[in-house]
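Visitor: Letter by letter, the chains look like this.
There are 2 protein chains.
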Amino acid sequence: LIARIRRQGRGGRGVLKGIGDDCAVLRIPPGHEALVTTDFSLEGVHFRREWHPPESVGHRCLARGLSDIAAMGGDPIAVFLSLALPSGLPQSWVDRFIKGLTDLAKSFRVTLAGGDTAQSPDGVLADVVVLGSAPRGKAILRSGARPGDKIYVTGSLGGSAATLKQLMDGRKPSSRCHDRHFFPQPRIEVGQLLRRRRLASAMIDLSDGLSTDLAHICKESSVGAEMWANVIPRATIGNAPVALEFGLHGGEDYELLFATRPKETVPRQLGRVAVTEVGRVIRGRGMFLLGENGPTVLQAQGWEHFRKAR
Amino acid sequence: LIARIRRQGRGGRGVLKGIGDDCAVLRIPPGHEALVTTDFSLEGVHFRREWHPPESVGHRCLARGLSDIAAMGGDPIAVFLSLALPSGLPQSWVDRFIKGLTDLAKSFRVTLAGGDTAQSPDGVLADVVVLGSAPRGKAILRSGARPGDKIYVTGSLGGSAATLKQLMDGRKPSSRCHDRHFFPQPRIEVGQLLRRRRLASAMIDLSDGLSTDLAHICKESSVGAEMWANVIPRATIGNAPVALEFGLHGGEDYELLFATRPKETVPRQLGRVAVTEVGRVIRGRGMFLLGENGPTVLQAQGWEHFRKAR
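Order-wise, the sequence lines are chains V and X.
Residue numbering for the first sequence follows my numbering, beginning at 384 and increasing consecutively.
Residue numbering for the second sequence follows my numbering, beginning at 384 and increasing consecutively.
In isolation and in its complexed conformation, chain V is listed as follows (with noise of 0.2 Å):
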């Protein structure tokens, strides 16, 4: 396994020494800060053997980290893989695993500079950190936001979640509508044309559902939001929008949610992904959903939650 990762690991951008000393050694490049993200995937929580194949296990526990880099603005540099497996893994699901990781990896230019394997008392357990960089003083945080700011997503939601209500019903997803739950794009272009145009004050990666994330931002930044029901884009499968209740709190879309002061013009694409007004900063503490039906309190579902009560 080693020798394998080691095999795809080399010569890559800022990785100056990979695998086989006791550290890395990386590059940071001249008046940049480093960016550090860490997650845990573990089988039976964050996915299933039966449920995903192994490509999207190894894409997906990547994906995870890349996009945290992206809410942050920042450029992937290297990724750390610490793998614990149990016995009688096939070789081939290993293989297909790395394949799948080093696969995001080599398309945003990334380099498997390490990591550690064990064996595992039960189940696939994989935690990946991603070091990445921004510019001094530039990275996009949570705590930026402020009252009247204009808030807005990428791309579409609810997309991964209503996937996953579909395999827990036992139906077998086929079409590529579903690519959004197995092989999610991480939004680093997204996030790096935000910082570099100045125009996020505040940012986060859609990882635990919007309603959940929105509460970071407001934590974060000591601010409310009212979100508009209407216009909060759905994911499609097949032909139909999926319900709202996965666009407000479906999790692992790894779109992007940030906040723009109000004098700033958004574009509506930004590298080919939409990009939709969704709501306003307002004082306070309080987060509010606009319908049909006038306001109602918009709750924080996270994600565990809503993933275990479906």
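These aren't lab readings, by the way, just hints derived from the structure by calculation.
Since the model is a prediction, treat every value here as computed from it, not as a measurement.
All residues carry an ideal CB built from backbone N, CA and C; glycine is no exception.
Incorrect hints may have been included.
To be verified - With a cut-off of at most 27 Å between alpha-carbon atoms, the simulated DSSO-like pairs for lysine-lysine come out as follows:
#, chain 1, residue 1, chain 2, residue 2
1, X, 548, X, 533
2, V, 400, X, 521
3, X, 533, V, 521
What the hints assert, rightly or not - Simulated DEER-style distance windows between Cβ atoms:
#, chain 1, residue 1, chain 2, residue 2, range
4, X, 489, V, 666, 52 to 62 Å
5, X, 478, V, 475, 50 to 60 Å
6, V, 519, X, 572, 28 to 38 Å
7, V, 476, X, 668, 55 to 65 Å
8, X, 651, V, 475, 31 to 41 Å
9, V, 399, X, 660, 26 to 36 Å
10, X, 580, V, 399, 14 to 24 Å
11, V, 666, X, 572, 32 to 42 Å
12, V, 478, X, 530, 51 to 61 Å
13, V, 469, X, 489, 46 to 56 Å
To be verified - With the Cβ distance kept under 8 Å, some of the chain X side facing chain V (calculated, not the full set):
#, residue
14, 408
15, 412
16, 427
17, 451
18, 455
19, 525
20, 529
21, 531
22, 587
23, 624
24, 627
Assemble the complex: chain V is given as a structure, and chain X must be docked to it using the hints.
Guide: Same frame as chain V, now just chain X:
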């Protein structure tokens, strides 16, 4: 847990944004490269709850990563903890684990800057990432040893393995002699002194055991080695030195093994830690042990294998 870690993680040198955003934001000193190391510690493999107090488990999880930074001559900056806990684990266990980890972190002025938590299917699983730095081009690799170089180790060896043997035999270690196993001290200061004085041509930390870690140096440097059995510094437990085989093959001492050019003079102590000359780098790829009965081949006995066999 997150809140607890967050309280611990404030205000560190080099940590601009710790827990509470999509990524941690860290400052790498100008002219420095980043060092990254990851180590998975699993209950039943790397520790047992019936043998190791929670403070020791937390300490050991982090000591592994700090020791990797030491082996590059690096300066640790921040640590990231991904922790999967089984249901039913007492809160006091988690508190004491975190205390063991953060006490060690504080002693090296390292900030706990992020991580992830999850529920474990079985047993405590901790993946620890340490980020550090070293001046550009000055990190000490495994690959720089040349035939004729002298080989040194810090401190004394085999103490951790001898303690593990006692635990396996059902004896309860009590004296301070066993601290090398329960609370190993990463040799950060020694590593930095060796880097600053340009004394080490190659270096590795002794995590897997002298024979195995020496083999890593030999492989990466394309050299062989001869070691002198009678001078290998063995740990003392009670009043007796541990058996030679513990010194040669026992892991988890977290001392440093390094090579220096023949012309260099190495002090007998560095930062109050003893430094002992134990062999020579030779041509070829063989490893030999010179003892009372003449030279024998020194086999790299992997620590995992060694540990299971005892």
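Visitor: Now, for every hint given, state plainly whether the structure supports it.
Guide: Going down the list of hints, with the structure as the test:
1. X:548 x X:533: violated (31 Å)
2. V:400 x X:521: Holds - the C-alpha atoms of residue 521 (chain X) and residue 400 (chain V) are around 12 Å apart, at most 27 Å.
3. X:533 x V:521: violated (48 Å)
4. X:489 x V:666: 52 to 62 Å: With a Cβ separation near 39 Å, residue 489 (chain X) and residue 666 (chain V) fall outside 52 to 62 Å, so the hint is violated.
5. X:478 x V:475: 50 to 60 Å: Once the Cβ atoms are compared, 42 Å apart, the range 50 to 60 Å for residue 475 (chain V) and residue 478 (chain X) is violated.
6. V:519 x X:572: 28 to 38 Å: The hinted range 28 to 38 Å holds for residue 519 (chain V) and residue 572 (chain X), with Cβ atoms some 30 Å apart.
7. V:476 x X:668: 55 to 65 Å: At 35 Å between Cβs, range violated.
8. X:651 x V:475: 31 to 41 Å: violated (54 Å)
9. V:399 x X:660: 26 to 36 Å: Distance hint for residue 399 (chain V), residue 660 (chain X) holds at roughly 30 Å.
10. X:580 x V:399: 14 to 24 Å: Distance hint for residue 580 (chain X), residue 399 (chain V) holds at roughly 22 Å.
11. V:666 x X:572: 32 to 42 Å: violated (52 Å)
12. V:478 x X:530: 51 to 61 Å: violated (39 Å)
13. V:469 x X:489: 46 to 56 Å: violated (36 Å)
14. 408: holds (5 Å)
15. 412: Residue 412 (chain X) check fails; min Cβ-Cβ to chain V is 10 Å, beyond 8 Å.
16. 427: OK, holds: residue 427 (chain X) within 8 Å of chain V, min 6 Å.
17. 451: Given a least distance of 4 Å, the restraint on residue 451 (chain X) holds.
18. 455: With a minimum Cβ separation of about 5 Å from chain V (threshold 8 Å), the hint on residue 455 (chain X) holds.
19. 525: Since the shortest Cβ distance to chain V is 5 Å, the answer is holds.
20. 529: Where the cut-off is 8 Å and the nearest Cβ of chain V is about 17 Å from residue 529 (chain X), the hint is violated.
21. 531: violated (22 Å)
22. 587: holds (6 Å)
23. 624: Hint on residue 624 (chain X): violated, closest Cβ of chain V at ~28 Å, above 8 Å.
24. 627: violated (26 Å)
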